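Novice: Since chain S is already given, all that's left is putting chain W on it; use the hints.
Protein chains: 2
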Amino acid sequence: MCSVSSAELTDVDQLATPALLVDDGALATNIARMTETRPGASLRPHVKAFKSTALARRLVEAGHELFCCATIAEMEGMAAAGLGHDLLLANEVLDARRLGALVDVARITVAVDSDITLEAAVNGGVKEVLIDVNVGLPRCGCEVADAGRLADAARTKGLNVRGVMGYEGHLMDWTDRDKQRAGVAASMDLLLEAHRLVGGDIISAGGTGTFDINEAASEIQAGSYLLMDTHYAKVGLPFRRAMSVLCRVISVNSTGNYVVVDGGLKALGMDHGNPTVDGATVFFCSDEHTTLVPDEGSTWAAGDLVRLWPAHVDPTVAKHERMHVVDGDRVIGMYNIDLRHW
Amino acid sequence: MCSVSSAELTDVDQLATPALLVDDGALATNIARMTETRPGASLRPHVKAFKSTALARRLVEAGHELFCCATIAEMEGMAAAGLGHDLLLANEVLDARRLGALVDVARITVAVDSDITLEAAVNGGVKEVLIDVNVGLPRCGCEVADAGRLADAARTKGLNVRGVMGYEGHLMDWTDRDKQRAGVAASMDLLLEAHRLVGGDIISAGGTGTFDINEAASEIQAGSYLLMDTHYAKVGLPFRRAMSVLCRVISVNSTGNYVVVDGGLKALGMDHGNPTVDGATVFFCSDEHTTLVPDEGSTWAAGDLVRLWPAHVDPTVAKHERMHVVDGDRVIGMYNIDLRHW
Numbered sequence: 105m106c107s108v109s110s111a112e113l114t115d116v117d118q119l120a121t122p123a124l125l126v127d128d129g130a131l132a133t134n135i136a137r138m139t140e141t142r143p144g145a146s147l148r149p150h151v152k153a154f155k156s157t158a159l160a161r162r163l164v165e166a167g168h169e170l171f172c173c174a175t176i177a178e179m180e181g182m183a184a185a186g187l188g189h190d191l192l193l194a195n196e197v198l199d200a201r202r203l204g205a206l207v208d209v210a211r212i213t214v215a216v217d218s219d220i221t222l223e224a225a226v227n228g229g230v231k232e233v234l235i236d237v238n239v240g241l242p243r244c245g246c247e248v249a250d251a252g253r254l255a256d257a258a259r260t261k262g263l264n265v266r267g268v269m270g271y272e273g274h275l276m277d278w279t280d281r282d283k284q285r286a287g288v289a290a291s292m293d294l295l296l297e298a299h300r301l302v303g304g305d306i307i308s309a310g311g312t313g314t315f316d317i318n319e320a321a322s323e324i325q326a327g328s329y330l331l332m333d334t335h336y337a338k339v340g341l342p343f344r345r346a347m348s349v350l351c352r353v354i355s356v357n358s359t360g361n362y363v364v365v366d367g368g369l370k371a372l373g374m375d376h377g378n379p380t381v382d383g384a385t386v387f388f389c390s391d392e393h394t395t396l397v398p399d400e401g402s403t404w405a406a407g408d409l410v411r412l413w414p415a416h417v418d419p420t421v422a423k424h425e426r427m428h429v430v431d432g433d434r435v436i437g438m439y440n441i442d443l444r445h446w
Numbered sequence: 105m106c107s108v109s110s111a112e113l114t115d116v117d118q119l120a121t122p123a124l125l126v127d128d129g130a131l132a133t134n135i136a137r138m139t140e141t142r143p144g145a146s147l148r149p150h151v152k153a154f155k156s157t158a159l160a161r162r163l164v165e166a167g168h169e170l171f172c173c174a175t176i177a178e179m180e181g182m183a184a185a186g187l188g189h190d191l192l193l194a195n196e197v198l199d200a201r202r203l204g205a206l207v208d209v210a211r212i213t214v215a216v217d218s219d220i221t222l223e224a225a226v227n228g229g230v231k232e233v234l235i236d237v238n239v240g241l242p243r244c245g246c247e248v249a250d251a252g253r254l255a256d257a258a259r260t261k262g263l264n265v266r267g268v269m270g271y272e273g274h275l276m277d278w279t280d281r282d283k284q285r286a287g288v289a290a291s292m293d294l295l296l297e298a299h300r301l302v303g304g305d306i307i308s309a310g311g312t313g314t315f316d317i318n319e320a321a322s323e324i325q326a327g328s329y330l331l332m333d334t335h336y337a338k339v340g341l342p343f344r345r346a347m348s349v350l351c352r353v354i355s356v357n358s359t360g361n362y363v364v365v366d367g368g369l370k371a372l373g374m375d376h377g378n379p380t381v382d383g384a385t386v387f388f389c390s391d392e393h394t395t396l397v398p399d400e401g402s403t404w405a406a407g408d409l410v411r412l413w414p415a416h417v418d419p420t421v422a423k424h425e426r427m428h429v430v431d432g433d434r435v436i437g438m439y440n441i442d443l444r445h446w
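As given, the protein sequences belong to chains S and W, one line each in that order. Per our numbering: the first sequence = residues 105 to 446. Per our numbering: the second sequence = residues 105 to 446.
Chain S extracted, bound-state conformation (with noise of 0.2 Å):
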C-alpha cells in the first residue's frame, strides 16, 4: 500500500468528495475467510472486481499468485507490474496480438469457445488456452459435446490445453443454499464432463457466491468478496461490507424532510439499482447527487459524512481513480486503480 505521511491526509474528511472508500480491517477479514476455505491456487482472484494491482499484491502476500481477468487491459497491466505468474482471460477475444505480446513476461492463458477464438489465439501468438463451457449461464461458452473437438483443435495447432473452465454467474445470488448446491453441482456435472473431453489440470469456475459450495472446481473464480456490495450482502455470505463512497451533504430541505449528498450515479455501478445508507433511506440518484429521507429523529447538516453502499462493486470501482485505504475515519493507505478502461 501506498503510505500516508503525516503531511497528507490523515482523516476521512480531508478528502474531497465523492471518494472511494475501503476499510482496511473488513478487507483483512474477507482475505482471510476466503484463505481459509481457498488457500493460494485453490482461488483464482477475480482482478475485474478491484482493478487495482496495489490491491492484487496484497492478495500474493496472502498466498494467491494465480489472477483471472476480464480486459485485455487487465492482463497488460498485471504483467507490467510482474504480477504474471498465471494469468488468465476468462474471456473470449477475437485480436489476441495485445496478448501474445506478453507471453515473454507472463504466463498468459485465454478462454476460447468456438474455432475462430481458437485461430485468435493463434494467430495472436498466445501458447495456452482453457476451454471456456456452457454450464448454464446465457453467455459465453462451447456445448459440452463440442469440447473435445475444440481441444483437439487446440492441441493440433500447438497450443498447450490446460483445461476447461464454466461460471455457473446464473447461481451466485441465490439465497436458498440447498437449492443453489444442487444447481452447481448440475453445472459442475456439465463442466466435468466436458474436462473427461478434454484433460489438462484445471476445472476452473465459481464465484464469490458458490466459493464455498463449488466442490468440483480446482480454483474459484472470485473477486467480489474483498470489497463486497449490497447485492452480494442479501445472500448471507461470510465477508464484510468493505467498500463505500464517502459523500458530503451539501444541502438540507427540512421542508421536504430530505438532505443531498455530492456523490451521485457518476461515482456508483447502478446496474443492481440504488446504493443504501445506514441511517438514511435513499430517494435518488442524480449525476452527481443523491437525495437521502433521514431515518425518523435523526438530524443531518451541511457538512456532514455520509458513506453510500454500492449496489455493485465491480463497477463502482471502475468510475474512480483511485480507493482511499482507511481505518475508520483515519486514512492509511491508497491503491490506484490502474488497471481501468480496455
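This list has only true hints and no planted wrong ones.
Some chain S residues judged to face chain W by a derived CB distance under 8 Å, without partners named:
1. Pro122
2. Leu198
3. Ala422
These are calculated hints, taken from the structure and not from any lab test. Since this is a predicted model, take the numbers as computed values, not measurements. Ideal Cβ positions, reconstructed from N, Cα and C, are used throughout, including at glycine.
Specialist: Frame of chain S; chain W shown alone:
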C-alpha cells in the same frame, strides 16, 4: 477535432472494442436544431453531458460561449482549455477554494442555496453567485421565500448576485407535452417569483426535455441533446441519437439462439436500464458482456460489429477516455473525454 491521418485508423472495424462512437452528422444536426431555438447566450450547454473540451469548442463555433458544469473538475478543465468566458457551477459546494483559484483566468459563478454554501463561496474566493431555487425537483435549491434573504446576504458579503437558477428536472421526460408545458410554467412561476426577490440578469433553468417550452428562462441548461440516449428518445424530441458503444460479437450460441458482444455494464450508463440494439433484443448485461437475442431470421457471426445505444448518455461518457468521431463506418476524428472524475 483531432484529425486522423491516413496512417491512423480510418474505419470502425479497426477500433479495439468496446469503443465509444459519436456520429458526426447526428451531432451536427443536434447542434443546429438546438441553436435554431436557443441561439448564442440563450443556451448554457451542460458540460456534464459530454465532459470534453473538444466538443465544447464545437459549441463555441456554433455561437455558445456560456457553459455550466456539475463538478469542480469540469470547471477547472474548461478554464484550463481557455473556455472560461462564463462558467457556472450549477451545483452546491462546501469548499470553493479550487473554484476561487480560477477567477483570474475565467469568469466563475457558483450556485448557492444556503448560508453555508454562500459562506463557502466567500471563503473560497469566488466573486459571483446564482441563487439556486427549489422549483419542484427534490434536490438542491432554497425555498422561494428564502431567496431574497440569501441574495441580500450575498451582496452584503461583497458578492455579485447574477440572478437565479432552478432546475425543473422532475419534468424532463414527460411525454404529454401539454401537461409538461403546464408543469414547467408552474415551476417557472416559482423561479420568477424568486427572481423578483433576488434581481440580476440571469434566470437559468431547463434542460434537453424542456428546451423549447421553458419560456421563462433567460438561458437553458441543456446537454444531453448533443449525444442523446434511448431514454430521451422516447420523449419525441427533434434530436438524433449520436452516441453508441461499438462492440464485437465474440460468441454465438446457436442452440440458445443468442450471441454475446464484448461490451457490458462497465462501458454503459445503466441507471436507466439496458441499452438497445438495432436488429436484436438485449437479454442482459454483465461487466464486460452483453447477451443479445437476434431478431427472427437474422444471422449473426463472431466478429460482427454491433452498436449498443445507451439508455443514459451522461454516465456512459464518463466511463470512457475518448470518443471516436465517425461518419457512417469511417473514423474521422477523436475527442478526448478530458473532464472526467471530480
